[in-house]
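Visitor: Sequence:
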Amino acid sequence: MSTVNLVYFSWVRERIGRGEETLEVPAEVITIADLLAHLKTLGEEYETALEHQNVIRAAINQEHVEHGEPIAGAREIALFPPMTGG
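Mapping to the numbering used here: the sequence shown position 35 is 738, numbers consecutive.
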C-alpha cells in the first residue's frame with residue numbers, strides 16, 4: 704500500500720463531500736484508471752461523483768495526465784470535471 708493525497712475540485716468535490724483527503728491505496732492500484740475504479744468502491748458518494756469516470760480529468764503533482772498514467776511516486780493527485788471555456 705502507498706499513501707497519496709487526493710484533491711477534488713468542482714462538482715467532484717461537492718458530490719464526494721470533501722475537498723481533499725489522504726488515502727491508503729492498495730498495491731494493485733497502478734494507474735489513474737485503477738484509482739478511479741478503487742475510489743468508486745469506497746461509498747455511494749464516490750460512486751456518484753465518479754459515475755462517468757471517462758470525463759474525469761486528473762493531474763499528478765499538478766501536471767495533467769491521461770487515465771493510463773502510473774501513479775507510483777505521486778505526492779498529490781487531483782481529480783476534476785472537464786473545464787468549460789467562457
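Since the hints were derived computationally from the structure, they do not count as laboratory data. Please note that a few of the clues may not be correct.
[Unchecked claim] Under the rule of at most 16 angstroms between Cα atoms (straight-line distance), these lysine to aspartate or glutamate pairs were calculated in the EDC-like manner:
hint: 1; residue 1: Lys-743; residue 2: Glu-766
hint: 2; residue 1: Lys-743; residue 2: Glu-731
hint: 3; residue 1: Lys-743; residue 2: Glu-754
hint: 4; residue 1: Lys-743; residue 2: Glu-724
[To be verified] Taking CB as the label site, the calculated pair distances span:
hint: 5; residue 1: Ala-730; residue 2: Met-786; range: 18 to 26 angstroms
hint: 6; residue 1: Met-786; residue 2: Glu-727; range: 25 to 33 angstroms
hint: 7; residue 1: Glu-779; residue 2: Pro-729; range: 24 to 32 angstroms
hint: 8; residue 1: Gly-776; residue 2: Glu-723; range: 17 to 25 angstroms
Fair warning: this is a prediction, and the values are worked out from it, not measured in the lab. Don't be surprised by glycine CBs; every beta carbon is placed ideally from N, CA and C.
Visitor: Enumerate the violated hints, using their earlier numbering and listing them in ascending order.
Guide: 1, 5, 7
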